[in-house]
Amino acid sequence: MASTVTPSKRAPAPTPKLNYLNNGHTLKSWLLTTDHKRIAILYLISVTVFFFLGGFFAMLIRLELLTPQGDLMQADTYNKVFTMHGMIMVFFFLIPVVPAVLGNFLVPLMIGAKDLAFPRINLLSWYLYVVGGILISHVMLTGGVDTGWTFYSPFSTEYTNTKIVEAGLAVFIAGFSSIFTGLNFIVTIHRMRAPGLTWSRLPLFIWANYATSLIMILGTPVVAITIVLVAVERLFHLGIFDPRLGGDPLLFQHLFWFYSHPAVYIMILPSMGVVNELITCFSRKRIFGYKFIALSSIAIAVLGFLVWAHHMFVAGISLYAALIFSFLTFFIGVPSAVKVFNWTATLYKGSISYATPMLYAFGFIGLFTMGGLTGLFLATLGIDVHVTDTYFVVAHFHYVMVGGVLMGYLGGLHFWWPKMTGRLYPEAWAKLSALLVFVGFNLTFFPQFILGYVGMPRRYWQYPPEFQALNVLSTAGASILAAGYLLPMIYFVWSLRYGKIADPNPWAAAGLEWKTASPPPTFNFDETPVVTWEAYNYDEIPAWERRTPVAR
Amino acid sequence: MASQVDALYIYLLMVAGVMTALIFLAVLVLAIKYRRARGHHAQQIEGSTLLEITWSVIPFFVMLTFFIWGAVIYFKERTPPADATEVYVVAKQWMWKIEHMEGQSEINELHVPTGRDIKLIMTSQDVIHSFFVPAFRLKQDVLPGRYTTLWFKATRPGRYHLFCAEYCGTMHSGMGGDIVVMEPQDYAQWMAGTAVAPLQETGKQLFSALGCATCHRFDVQGRGPNLAGVYNKPVLLEDGRTVIADENYVRESILNPTAKIMSGFKPVMPTFQGIVTEEQLNALVAYVKSLAQSPPGTAGLQNQPATSPEQPQKMQVQ
Amino acid sequence: MTATEHQAHNPALLHHFADAEQQKNAASLGMWLFLVTEIMFFGGMFCAYLVYRLAHFNAFAAGSQQLNIWMGAINTAVLIVSSVTVVLAVKAAGAGKRKVLVGYLVVTVLLGLTFLVIKGFEYREKFEKHHVPGPTFSFTDKFDDNGKQIPVNPKETELFFSLYFAMTGMHALHMIIGCGLFSGLAILAWKGHYTPGYFTPIENAGLYWHLVDIIWIYLFPLLYLISRHS
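Protein chains in written order, with this note's numbering: chain P, 1 to 552; chain S, 1 to 318; chain C, 1 to 230.
Keep in mind that the hints were calculated from the coordinates and are not lab data.
Mixed in with the good hints, there may be bad ones.
Interface residues of chain C toward chain S, partial, derived using beta-carbon atoms under 10 Å [said to hold, decoys possible]:
{"hint": "1", "residue": "ARG98"}
{"hint": "2", "residue": "TRP190"}
{"hint": "3", "residue": "HIS193"}
Once the Cα atoms are required to be at most 27 Å apart in a straight line, the calculated DSSO-like pairs of lysine-lysine come out as [said to hold, decoys possible]:
{"hint": "4", "chain 1": "S", "residue 1": "LYS33", "chain 2": "S", "residue 2": "LYS97"}
{"hint": "5", "chain 1": "C", "residue 1": "LYS126", "chain 2": "C", "residue 2": "LYS148"}
{"hint": "6", "chain 1": "P", "residue 1": "LYS163", "chain 2": "P", "residue 2": "LYS17"}
{"hint": "7", "chain 1": "C", "residue 1": "LYS119", "chain 2": "C", "residue 2": "LYS129"}
{"hint": "8", "chain 1": "S", "residue 1": "LYS233", "chain 2": "S", "residue 2": "LYS266"}
{"hint": "9", "chain 1": "C", "residue 1": "LYS97", "chain 2": "S", "residue 2": "LYS266"}
{"hint": "10", "chain 1": "P", "residue 1": "LYS431", "chain 2": "S", "residue 2": "LYS92"}
{"hint": "11", "chain 1": "S", "residue 1": "LYS76", "chain 2": "S", "residue 2": "LYS33"}
{"hint": "12", "chain 1": "P", "residue 1": "LYS163", "chain 2": "P", "residue 2": "LYS28"}
{"hint": "13", "chain 1": "C", "residue 1": "LYS126", "chain 2": "C", "residue 2": "LYS191"}
{"hint": "14", "chain 1": "P", "residue 1": "LYS114", "chain 2": "P", "residue 2": "LYS163"}
{"hint": "15", "chain 1": "C", "residue 1": "LYS99", "chain 2": "C", "residue 2": "LYS119"}
{"hint": "16", "chain 1": "S", "residue 1": "LYS33", "chain 2": "S", "residue 2": "LYS92"}
{"hint": "17", "chain 1": "C", "residue 1": "LYS24", "chain 2": "S", "residue 2": "LYS266"}
{"hint": "18", "chain 1": "C", "residue 1": "LYS99", "chain 2": "C", "residue 2": "LYS129"}
{"hint": "19", "chain 1": "C", "residue 1": "LYS24", "chain 2": "C", "residue 2": "LYS126"}
{"hint": "20", "chain 1": "C", "residue 1": "LYS99", "chain 2": "P", "residue 2": "LYS114"}
{"hint": "21", "chain 1": "S", "residue 1": "LYS153", "chain 2": "P", "residue 2": "LYS163"}
{"hint": "22", "chain 1": "P", "residue 1": "LYS349", "chain 2": "S", "residue 2": "LYS153"}
{"hint": "23", "chain 1": "P", "residue 1": "LYS349", "chain 2": "P", "residue 2": "LYS291"}
{"hint": "24", "chain 1": "C", "residue 1": "LYS97", "chain 2": "C", "residue 2": "LYS191"}
{"hint": "25", "chain 1": "C", "residue 1": "LYS119", "chain 2": "S", "residue 2": "LYS260"}
{"hint": "26", "chain 1": "S", "residue 1": "LYS260", "chain 2": "C", "residue 2": "LYS99"}
{"hint": "27", "chain 1": "C", "residue 1": "LYS24", "chain 2": "C", "residue 2": "LYS91"}
Keep in mind it's a predicted model, so treat the numbers as computed, not measured.
Positions of the beta carbon are idealized from the N, C-alpha and C atoms, including for glycine.
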């Protein structure tokens with residue numbers, strides 16, 4: 001079953017004269033583009049800015065926590081710093097990153113389409129993100145907010161003096177960016193697949209983004225209305241969550257977590273999608289258990305909506321509610337575990353290479369396993385009572401967010417970098433960074449599990465001296481982690497000018513995106529592909545004999 | 001209880017540790033054994049439904065053991081013994097105010113004797129806080145507008161950290177203190193050190209000073225229900241529901257009297273919201289609870305609820 | 001695509017679609033998904049309403065009985081009629097009747113504006129009766145339960161009015177957007193942008209209008225008709 005386009009093996013295709021990057025050089029051609037690939041690049045730049053901003057706040061946190069006393073900054077400042085770290089990382093990095101950067105770039109390419117269903121709405125998505133980003137930056141520059149990213153009432157509605165309404169507006173607007181991206185993906189995947197590309201032939205990255213998009217459109221509006229109600233309470237003293245008016249602060253928590261729990265699956269599912277692509281390519285194998293992985297993505301999306309109150313076991317909910325939510329939370333562990341087992345099984349009898357993307361995939365499997373298992377600790381009621389609101393939770397979610405989402409993103413960024421830019425990144429430096437990230441990450445966050453169990457609460461500016469040693473270890477790890485993140489910034493930018501020119505398919509990977517030039521032309525394909533093969537047909541694609549991609 | 005939590009934790013650690021080790025090892029071994037080499041080609045394996053089912057079902061049942069054990073511990077943690085000694089806690093930014101039934105009040109410290117069940121009845125004056133004692137492996141959020149409870153039995157004397165565990169503003173990290181556990185004789189000595197009125201005595205004085213006694217009489221049927229023996233019993237409301245008259249009900253009836261009116265009574269009680277402080281509320285609640293045994297002179301006089309809410313009993317008007 | 005091919009297709013066809021049918025299906029699916037997000041958006045407020053009505057029924061009933069049921073009922077009728085005019089507009093678009101289409105679009109906008117004007121009168125009445133939550137709020141009415149006058153906690157009734165203004169206000173905002181949308185469509189329709197081969201925006205805007213209408217149809221009984229007798 002030959003593909004309709006034959007990849008060249010030895011003779012590299014020169015960078016095409018006209019591709020999406022050089023098709024128009026003016027600022028206007030970028031700022032008014034409707035090309036999904038350009039929009040992806042726009043997102044890449046803005047998301048990276050916010051990542052380093054959030055990372056800067058993280059650095060401040062870790063520096064303050066080197067000593068038990070609050071000596072680097074005032075308590076109020078510290079409270080603002082961790083709030084901004086959380087808000088930026090959650091709403092302006094983790095939620096958009098993989099769908100808006102990799103998803104936007106790859107979804108049309110992977111399904112053989114010319115663009116997403118609604119290119120202008122895609123551009124609008126980016127502008128909404130930017131407007132939200134400008135607003136949150138303004139909030140930061142004019143005093144910040146100090147409620148924690150979870151802005152619980154009544155502290156956020158009646159006690160804090162910081163700019164809750166403006167920050168809420170920023171998140172509200174960024175939320176619509178998310179909704180429109182999800183809407184675009186669902187319609188595109190349903191209506192614009194190339195001829196012959198049935199659902200069961202889709203790359204699992206598409207399944208992952210589809211499941212993510214379902215969560216985006218169903219969950220985000222609920223946090224939007226929650227923000228509206230908080231703003232209304234603050235501005236007009238309407239007292240919807242105010243106990244003195246008969247309101248219920250717990251209602252806020254229910255409404256908030258109804259979105260914010262599924263939100264974490266918005267973050268992790270696309271990264272899991274990336275891992276599928278990496279493991280198959282670098283083992284030269286079909287994925288083990290395609291159907292189960294596809295269905296597990298949908299299962300996670302659905303089950304994700306049923307477990308929100310596991311964030312509220314000690315909040316004052318009834319015993320019976322707690323039992324139900326604990327029970328349901330365990331269900332969600334199953335599809336996640338299934339994925340990990342399937343990925344591991346894919347390695348069996350493969351032909352495995354250790355390119356940087358694969359190293360990130362390995363890191364993902366290990367760290368997501370640890371993060372996910374510690375989630376089970378939190379689902380267990382008797383343990384949650386002790387460790388909730390402590391550093392145990394902080395460690396858990398950083399394992400899945402950083403060890404999971406970020407590793408998947410970095411792996412994907414390295415994997416598709418040649419496709420997106422037409423250049424290869426320097427492999428040795430990339431491997432070094434991956435190692436630094438893995439080591440630095442574990443050193444930063446593993447001690448926090450212990451810190452949490454011995455009783456250090458979260459969001460603490462100062463702490464009892466007996467917790468210092470573990471905090472120092474954590475900060476030391478953070479500096480290594482920071483180096484691991486800064487290096488790719490440097491070498492990716494370097495590669496744009498000095499990197500080796502890439503082939504259309506330097507990894508000899510399966511997938512329609514590799515059957516067009518690197519970088520692709522504006523309309524993606526010269527002819528609409530007709531798909532007659534299953535996903536990950538690595539038995540039909542000869543591997544390169546060399547260990548690193550071909551370069552000329 | 002703490003040791004049970006630790007035991008469960010160790011069990012989970014072992015399972016998680018084994019799982020992690022297995023996955024790490026599997027990835028490592030497979031990645032090395034099947035590394036790219038000349039002449040070796042990958043073998044395409046679609047999958048195995050049997051394997052999928054196995055590794056879905058077995059982990060699920062293992063997780064069920066986590067759930068059950070955790071639920072059992074949680075259930076015990078959330079059902080205080082009926083005869084526990086009660087202590088009232090009021091949280092505010094940024095301190096813990098503690099009131100013993102005997103009248104002692106403390107700030108940021110809670111003295112308790114070993115071997116006694118202690119039940120904390122907690123509320124917040126402002127935002128949500130959380131009462132966290134790592135040594136006891138216990139935590140409970142403290143909310144404005146209602147009571148939440150936490151119970152424990154300390155077994156070893158010592159000083160144990162008390163932290164606020166729900167972010168509450170500037171000095172959230174400074175809102176700490178100690179649980180001071182003492183041998184019973186030392187505790188008795190500490191108690192005797194201060195001579196204060198027991199909490200329900202304060203409540204009794206308030207009951208009369210605030211005019212509650214005018215309507216809630218014990219000698220004849222007044223405009224309000226006779227509160228003797230009401231606490232913790234089922235109460236038929238005028239809309240047909242039945243509720244248990246627990247601390248939250250008593251507190252709500254003082255702050256929001258028209259919310260849950262006892263069947264057969266008119267909604268004439270004024271609200272005391274803004275008139276009583278949290279500490280005074282605690283005292284009043286403590287007093288009403290102390291009336292669980294009818295005070296002298298009231299024997300035999302019980303409130304007669306109407307048989308159906310549609311025909312309220314004709315009451316003495318004004 | 002060759003020059004002749006380019007001329008052959010509908011000018012409204014966007015180039016990233018394979019054909020007009022794919023474009024229409026995509027637009028339709030997109031609109032339905034957007035409506036789902038709107039339902040989830042309002043859902044949060046309906047959820048808050050549900051929780052508080054269960055907790056404070058008497059206060060909610062008392063507040064509800066103070067709303068102007070006639071204005072609410074007329075508004076309901078106005079919206080239902082406007083949904084009919086929307087359906088007729090879509091039908092006219094499909095039949096290529098430009099003037100009829102514009103006519104129905106304009107009537108829809110007028111009905112929408114009528115709704116908003118009546119709403120404005122309602123809000124003014126609330127303002128005069130001091131039922132607007134906040135420092136000026138004052139509520140001394142009782143819950144009339146079949147002749148039985150039950151006093152209620154004014155704080156809880158304030159909560160009812162908070163939800164009333166939040167929900168009807170958010171609905172009114174969507175009505176304003178709808179009126180703007182339909183006005184724009186009327187102008188484009190007058191200029192001849194819509195043909196029987198392409199009137200997807202009319203259809204999709206119609207879907208939006210119908211949803212806003214349906215949301216009102218839920219709001220009306222929930223807010224205005226709590227425990228109303230005869």
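Under the criterion of a CB-CB separation shorter than 10 Å, is HIS193/C in contact with chain S as hinted? Given a least distance of 52 Å, the restraint on HIS193/C is violated.
Pair hint LYS76/S and LYS33/S, alpha-carbon separation not exceeding 27 Å: Violated. LYS76/S to LYS33/S sits at ~50 Å, over the 27 Å cutoff.
Hint ARG98/C vs chain S: min CB-CB distance below 10 Å? 58 Å, violated
For the restraint on TRP190/C, tell me whether the closest CB of chain S is nearer than 10 Å. 57 Å, violated
Check the hint pairing LYS233/S with LYS266/S against an upper bound of 27 Å on the C-alpha distance. Status holds; Cα separation ~20 Å.
Is LYS99/C close enough to LYS114/P, meaning Cα to Cα at most 27 Å? Judged against 27 Å, a Cα distance of about 37 Å means the pair is violated.
Verify the proposed pairing of LYS97/C with LYS266/S, using a straight-line Cα cut of 27 Å. Cα-Cα ~67 Å, so violated.
Could you grab the alpha-carbon distance between LYS126/C and LYS148/C and see if it respects the 27 Å cut-off? 24 Å, holds
Check the hint pairing LYS33/S with LYS97/S against an upper bound of 27 Å on the C-alpha distance. 63 Å, violated
Restraint check for LYS97/C with LYS191/C, where alpha carbons must lie at most 27 Å apart: Holds. LYS97/C to LYS191/C sits at ~13 Å (cutoff 27 Å).
Run the distance test for LYS431/P versus LYS92/S: straight-line Cα separation, threshold 27 Å. 52 Å, violated
What's the verdict on LYS24/C and LYS266/S, does the C-alpha distance respect the 27 Å limit or exceed it? 64 Å, violated
Checked against the numbered hints above, the structure violates hints 1, 2, 3, 4, 6, 9, 10, 11, 12, 13, 14, 15, 16, 17, 18, 19, 20, 21, 22, 25, 26; every other hint is satisfied.
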